[in-house]
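Undergrad: Okay, so the sequence shown: first residue is 413 according to the numbering used here, each after it adds one.
One or more of the hints may lead you astray.
[As the list claims (entries may be wrong)] Label pairs and their computed distance ranges (CB to CB): (1) Gly436 - Pro547: 39 to 45 Å; (2) Glu419 - Ala473: 53 to 59 Å; (3) Ile542 - Thr429: 32 to 38 Å; (4) Glu523 - Val430: 33 to 39 Å.
[Claimed, not checked] Each computed DSS-like pair below joins lysine-lysine, with the alpha-carbon atoms no more than 30 Å apart: (5) Lys483 - Lys524; (6) Lys483 - Lys534; (7) Lys534 - Lys524.
These are computed hints drawn from the structure, not numbers from a lab.
The beta-carbon is built from N, C-alpha and C at its ideal position, and this holds for glycine as well.
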Amino acid sequence: MKVILRESVKGLGSAGTVVEVSDGYGRNFLIPRGLAVEATPANLNLLRQRQQREEAAAQRALHEAQGAAAKLDGSEITIVARAGEGGRLFGSVTSQNVADAIAQRTGLRVEKRRIELPEPIKALGDYPVILRLHPQVTARITVHVVAAQ
Numbered sequence: 413m414k415v416i417l418r419e420s421v422k423g424l425g426s427a428g429t430v431v432e433v434s435d436g437y438g439r440n441f442l443i444p445r446g447l448a449v450e451a452t453p454a455n456l457n458l459l460r461q462r463q464q465r466e467e468a469a470a471q472r473a474l475h476e477a478q479g480a481a482a483k484l485d486g487s488e489i490t491i492v493a494r495a496g497e498g499g500r501l502f503g504s505v506t507s508q509n510v511a512d513a514i515a516q517r518t519g520l521r522v523e524k525r526r527i528e529l530p531e532p533i534k535a536l537g538d539y540p541v542i543l544r545l546h547p548q549v550t551a552r553i554t555v556h557v558v559a560a561q
């Protein structure tokens, strides 16, 4: 019997794959637990449509990330922070501060978890920052931390 897996099953396959299983295993275990559905022509058609929608959404996300990377790559962001003697900051500049500065300057929303700061910035200066906008798309920006007057 052929079934379409709705969830990943160890030793059998991942979600969305069509696999051949014994009749008893399919009817008595996989289907009643909601782990699989029978591979009828209608279900195969639904699977194909869902995969096409997911592929189109992935392509849209990739194009959006590439557009954002083209706008951001090589840009410079200035963050004003309070600093003491010797250029040490009161507090630090975090990825959330960088995300807010990017949104304010360019209007693009970048999630703070996509901003790679090895550690929070605790001193005045220029810092290279990598933005992982998509698994295949990265952008590099420079963050200038200057003292508030």
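Undergrad: A separate judgement is required for each hint: does it hold in the structure or not?
TA: Do the hints match the structure? See the list:
no., hint, in the structure
1, Gly436 - Pro547: 39 to 45 Å, "40 Å, holds"
2, Glu419 - Ala473: 53 to 59 Å, "23 Å, violated"
3, Ile542 - Thr429: 32 to 38 Å, "35 Å, holds"
4, Glu523 - Val430: 33 to 39 Å, "35 Å, holds"
5, Lys483 - Lys524, "18 Å, holds"
6, Lys483 - Lys534, "27 Å, holds"
7, Lys534 - Lys524, "18 Å, holds"
Violation of the numbered hints given earlier is confined to hint 2; every other hint is satisfied by the structure.
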